[in-house]
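Enquirer: Protein chains in written order, with my numbering: chain R, 1 to 138; chain L, 1001 to 1529.
Since the hints were derived computationally from the structure, they do not count as laboratory data. Misleading hints may appear alongside valid ones.
[As the list claims (entries may be wrong)] As a list, the in silico DSSO-like pairs of lysine-lysine whose alpha-carbon atoms are at most 30 Å apart:
id	chain 1	residue 1	chain 2	residue 2
1	R	K111	L	K1446
2	R	K104	L	K1149
3	R	K106	L	K1141
4	R	K57	L	K1450
5	R	K111	L	K1154
6	L	K1149	R	K100
7	L	K1446	R	K106
8	R	K106	L	K1154
9	L	K1526	R	K100
10	L	K1526	L	K1113
11	R	K104	L	K1154
12	L	K1446	R	K104
13	R	K111	L	K1149
14	L	K1035	L	K1522
[Stated by the list, open to error] Covered by chain L, per the in silico footprint, the following chain R stretches (three or more residues, Cβ under 8 Å):
id	stretch
15	104–113
16	119–128
Quick reminder that beta carbons are idealized off the backbone N, C-alpha and C, glycines included.
The residues making up each chain are set out below.
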Amino acid sequence: MTLFARRRIARAFGVLVCGAAVAQVSGAAASRQPILLWDSLFSDCLAACCVGNSYLKSFPCRADHRLLLEQLNGCFFGERIGFCLEGVVGAESLRSARLKILEKVKSDFSKGHVVSVDGWVLSVTECDIFGLISLRSA
Amino acid sequence: MFVNGQQLESGTALEYDICIIGGGPAGITIARELKSSGLSVCLLESGGRDFDLTNQELYEADLQNPVFPDTMMSRLRFFGGSTNHWEGACHPFSTSDFEYRPWVPDSGWPFSKRDLDPYYERAQTYCELSSYNYHAQDWAKKVDIPLLKLDPSKMRSEVQHHSTPTLFGWVYEDDFEQDVSVDVYLYSNVTRINAVGTGERIESVDVKVVRGPSFSVSAGLFVLATGGIENARILLASNNVHSDGIGNSHDVVGRYFMEHPVIEGAELYLTGTFDSRFYDFFVSDDRYYSGFLSLSEELASQRQLANVKMTMVEQSRYYLSRGISSFHQVKDDIANGDAPDNLWGHIGNIFSEIDMVGEAIYRKVFNRKFFDHANDKVGYLFDVMIEQTPDRENRVKLSGDRDVLGMPKPSIEWSLSSRDYENFWQCLGVLAEEVGRLGIGRLRLKREDKRLLTDLLSFGHHHMGTTRAGTNPRNSVVDENFKVHDLANLFVAGSSCFPTGGHVPPTLTIVATSIRLSEHLKSIAKGGV
Chain R
1 MTLFARRRIA
11 RAFGVLVCGA
21 AVAQVSGAAA
31 SRQPILLWDS
41 LFSDCLAACC
51 VGNSYLKSFP
61 CRADHRLLLE
71 QLNGCFFGER
81 IGFCLEGVVG
91 AESLRSARLK
101 ILEKVKSDFS
111 KGHVVSVDGW
121 VLSVTECDIF
131 GLISLRSA
Chain L
1001 MFVNGQQLES
1011 GTALEYDICI
1021 IGGGPAGITI
1031 ARELKSSGLS
1041 VCLLESGGRD
1051 FDLTNQELYE
1061 ADLQNPVFPD
1071 TMMSRLRFFG
1081 GSTNHWEGAC
1091 HPFSTSDFEY
1101 RPWVPDSGWP
1111 FSKRDLDPYY
1121 ERAQTYCELS
1131 SYNYHAQDWA
1141 KKVDIPLLKL
1151 DPSKMRSEVQ
1161 HHSTPTLFGW
1171 VYEDDFEQDV
1181 SVDVYLYSNV
1191 TRINAVGTGE
1201 RIESVDVKVV
1211 RGPSFSVSAG
1221 LFVLATGGIE
1231 NARILLASNN
1241 VHSDGIGNSH
1251 DVVGRYFMEH
1261 PVIEGAELYL
1271 TGTFDSRFYD
1281 FFVSDDRYYS
1291 GFLSLSEELA
1301 SQRQLANVKM
1311 TMVEQSRYYL
1321 SRGISSFHQV
1331 KDDIANGDAP
1341 DNLWGHIGNI
1351 FSEIDMVGEA
1361 IYRKVFNRKF
1371 FDHANDKVGY
1381 LFDVMIEQTP
1391 DRENRVKLSG
1401 DRDVLGMPKP
1411 SIEWSLSSRD
1421 YENFWQCLGV
1431 LAEEVGRLGI
1441 GRLRLKREDK
1451 RLLTDLLSFG
1461 HHHMGTTRAG
1471 TNPRNSVVDE
1481 NFKVHDLANL
1491 FVAGSSCFPT
1501 GGHVPPTLTI
1511 VATSIRLSEH
1521 LKSIAKGGV
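I would like the entire structure built from these sequences, with the hints used as guidance.
Expert: Rendered as structure tokens:
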């Protein structure tokens, strides 16, 4: 993982993880949907998996696909609107989900809900999503 | 008037109302303040008016911790002292720095920030700075640069003024050139302070010139202003009446030695854009300023933390690359004839970022600049200057070795406590939360980096605390007027008197406290020296 890749991953945190989560919730393959739905930032999906792997190693209690999904559903997808199979997802819904994730990440940092992974200080929410991507890829 | 000590006859006995020992910022400030007082004043400066290696070598010390910087490099021993190579960053200490903080052992000054404010204002002029205004918001408004929208209950932006920097020797030598009320003796090293009777009063000081004459100076009042290490050294070496030295009846002289360790402890990778101009150098009315980040006093109090000064340094992706860092480390180790530690780890780093390493080598070979592309600027390093907790075991002692004048060399025991280290990480944790909340980026802490306390550690070269001020002689050397406890006529000036070191450079506070001391000296002198 190059530093440039890390930078892009960092920039893409909100977007990347949202897309992956959407894919998870909708049952679509994480590697298939995001590129269509989002942008080229997803070329660093491997980096997200690396961070997710480290997170799950450091916090093995989170290495549970269902638990993470429930957490994230509870956070963002309680309404379960707009997220359908095959990426047939309304742009408004995606935008809304992304905003919700960014808000939650911001709120995590505000409240000190952060974890350290490989030296990175990350929000619990974004780590959960990285973990989910990692589990999905495994 | 300048007098060359080398040209005095051996055995000469000089007499003055006030004798100032040391011609650095503290000594020069006090001498200037006393010029028009009607008192006869002498200033004894170890060096000349320019750098001289023979005198500089008198700074040689035994360093018990190899990471501690060479004292011959960190101080300068000629007229103007270490202002001859300072960077010029100025900032007053915070209000809380002067207060007793239960979570900082032995904290608390014997006077408040409010007491010192009028002297800080005057110190601005000495350091050739603009008005005494350190409110970041005011400066941001004035130069029309936005501040980071930090949560004020957690962090704050601060601004420091940058002196030109004022080289006190050069700038103020004309004041002494023709003045007859202050005699500045060059090449004159005080080797002993002579107490009389049972040691409650100082009568004279012995002065030696390297490969030159010896003479003595008697005075009504003495001011020791030779820096954080030398002040303790001279007091400890003056042991003709008390074997432990002068002012040391409670074994405090030389203890509580503090530095300002600076650790390159974190990297910020940008995830968004922000205007960082305030946190770099900016100009207003032809003067330089720069912003930095620190904890809010509220949070420091809540979480019981000592404060830190976090300076952002813009970095290219090359600097932030672990591959390139590993490449340099392996290259340096091989060049030094050492086997690199963790060789396979370094090789792994190099190969994982081979594109970066290759490009960096290409740029180096073909002399291309590292900031060729906008994309190169990807983040910031945080240089974090730590307020070190006072610790009795960090100390300046006398070594068994002696210098060319026969004085025992100083021996320096210094380390960073685990408490300070943990404090440092907690402060960076707060920063990480703030940059995440603001959507600026993500912080990567270098907690696991083995170079943290070697290559990534540097120092402010600020020597403080060895003759700390306080009301209790059991944990202080000088009182609220910087007079040595139990001695009627010996005062100490400079950062050695600081009970705590704050999170900002000390020079402005050295000058402010020196002006305050000179006012006190004048008031005593009016009552009869």
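Enquirer: Confirm or reject each hint.
Expert: Here is how each hint holds up against the structure:
no., hint, result
1, R:K111 to L:K1446, "23 Å, holds"
2, R:K104 to L:K1149, "19 Å, holds"
3, R:K106 to L:K1141, "27 Å, holds"
4, R:K57 to L:K1450, "22 Å, holds"
5, R:K111 to L:K1154, "11 Å, holds"
6, L:K1149 to R:K100, "21 Å, holds"
7, L:K1446 to R:K106, "23 Å, holds"
8, R:K106 to L:K1154, "15 Å, holds"
9, L:K1526 to R:K100, "72 Å, violated"
10, L:K1526 to L:K1113, "27 Å, holds"
11, R:K104 to L:K1154, "20 Å, holds"
12, L:K1446 to R:K104, "26 Å, holds"
13, R:K111 to L:K1149, "16 Å, holds"
14, L:K1035 to L:K1522, "11 Å, holds"
15, 104–113, "holds (count 6)"
16, 119–128, "holds (count 5)"
Consistency with the previously given hints fails for number 9 only.
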